[in-house]
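Taken in sequence, the protein lines are chains A and B.
Those letters in the first sequence? Residues 1 to 301, per my numbering, in order.
Those letters in the second sequence? Residues 1 to 311, per my numbering, in order.
Simulated from the structure, these hints should not be mistaken for lab results.
Mixed in with the good hints there might be a few duds.
Stated by the list, open to error - Taking lysine to any residue pairs in the SDA-like style, the calculated list, with each CA pair at most 25 Å apart, reads:
1) B:K251 - B:F238
2) A:K126 - A:F228
3) A:K289 - B:R195
4) B:K251 - A:A265
5) B:K241 - A:A14
6) B:K241 - A:I189
7) A:K100 - B:R195
8) B:K241 - B:P222
9) B:K203 - A:A25
10) B:K203 - A:A14
11) A:K195 - B:K241
12) B:K306 - A:G127
13) B:K306 - A:A14
14) B:K241 - A:G127
15) B:K251 - A:I189
16) A:K289 - B:V292
17) A:K126 - A:L136
18) B:K251 - A:L44
19) A:K126 - A:W205
Read off the chains here:
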Amino acid sequence: MADVSLDQVQDHHASTVAARRHFLARFVIYGLLVIFAAIYLVPLLVVVLNSFRDQQEIARNGLISLPRSFRLEAWGQAWSTYCIGGTCEGMQRNFYNSLKMTIPATIISTAVGAMNGYILSKWLFKGSEALFTCMLLGVFIPGQISLMPWAFILGNLGLSNSVYGLVLIHVIQGISFTTLFCRNYYVSIPDDLIKAARIDGAGFWRIFRKIILPLSSPILIVTVIWQFTGIWNEYLFGVVFTSGQQQPITAALVALTASGTNVRAYDVMSAAVLIGALPPLLIYLFGGKYFVRGLTQGAIK
Amino acid sequence: MSNHDLILPTPAPARPWRERLGSAMPLLVLGPSLVASFVYVFVFTGWTLYISLSNSSLLPTYGFVGLDNYASLWANRRWNIAYNNLFLFSGFYIVGSMAVGLLLAILIDQRVRGEAVWRTIFLYPLAVSFIVTGTVWSWLYNPTDGIQAMVRALGWTNFSFALASDRHYAIYAVIITGVWQSSGFAMALFLAGLRSVDSDLVKAAQIDGASTFRIYRKVLLPTIAPIFLAVAVIQIQFAIKTFDLVAALTKGGPGISTTFPAIYVYDLMFQRGQIGEGAAAAIMMLAALAVVLVPYSFWVVWRRRKEAGHG
């Protein structure tokens, strides 16, 4: 395949060759994209379809086959009646646990991160850069390091086996991320804006309310999405510090699929998995742009 | 705080008090976070480090035993399997997800129709948890219900695909699932990088008659080289912290064949009551992260300084 560039294309024959090559290239590109899209979508499709299939039909035809039955009962069972480890209440309690954990932890850590980011970008003081670097270290500490200290602290606060204990953990752990996100965003707001406001007599809070906050919505959306999906999907702390009815949905899902009864109820388990995956998936679908922005920012900085 | 001596227009008697409070406000607000982060980063690490040097078993106790826990950790066959798995997994996972991610990024970069749709498809696994991914893939790997059963039902009756239930190959099941989950992430970073390359560079190469392939190899990819390193470092971090994926996919099995350091820590601390040795394993995880991240952050700082010097 010699290199053919457009200026060399002079006669009609050459241009049809170029057109054919162009068509072939397009065909390969779209072909590959379709193959990869199938690899990514098939697992999701399998779970969605199986949540509507009849268990006996799944057992007969396998998980990956076209549905030959349709029923909605699995969803109701997964939500409110299926038995996990002796209690037969489905996933609903764990779903609410996850909400009770994720919403406050997201709001608090984002609010604190916004304030911290504001201070660490606009109210610099001697040593503030060094302190910022220390806070950042929190991003890298693996959860396993903090397990024993948290067990001790939660025990003494009376928060072991409680959703509020998990809220505390996720707030403290999340502050490094939220501060990093907000600080890096606020740095790009011109300092002159702040200086002018200070000359006009505006103080710390007034500048935050009147100048910073109105400019913050992009970064606050990114941070909220990042925190929400991260905390909702977290497993280690949930499984270590809660049990049974206090567990968030990730821990409950593992318990559900591990409870090895004689026949694997793929229909109910598929519905349960989807219930657990739905909130972050919806957020991703509706806030995709911000989700990706958080991903790339959180990664590169 | 260089604006202290600005002449403020309000001559109220309360001013000195308010002003002092005002200037202390940033520190007052920041203070609790600083304390919390300090405790989280330094006190917690120091605490776990101390436990790792103690004779703790079921509960933390503080009898000092030096490096005994580390010695018994490294003498343990299961720990050796765990960190061998970590090396194997890290290598394949990083190379695999970067290769797939780069291919997808380049494909999408060819001015394809419906770019947003393709991106949404390749990235959605990142929104769901490793627990969900691991659970679903454990079903797909299940020989009697999953992929093997499907292919056999199509007529190829001696087709065999039982990765996850074979102790020699289960680690590859973890790798495949990990790559599936996170190559979209590599794609997003590579695509952002490709888009940020100065379009004049590309145009100049096109005028010189370079083919698309050559432009990628000679112009675009070298320009985004730092992104390769960033993606690799982030993926290594994920790999070292791998816990959820394995917990949901293979539970460390069959047997102990897919044990990872993070699984080992959890097991020792909360299943076997060997807190001291578990803490030692956690410290080893931190050490592994430090080996990767410390040189990388120095490199990043050095590069920024160099760029600032040029600019």
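* What are the numbers of the hints the structure violates, in ascending order? -> As far as the earlier hints go, 2, 5, 6, 7, 8, 11, 13, 14, 15 and 16 are violated by this structure, in ascending order.
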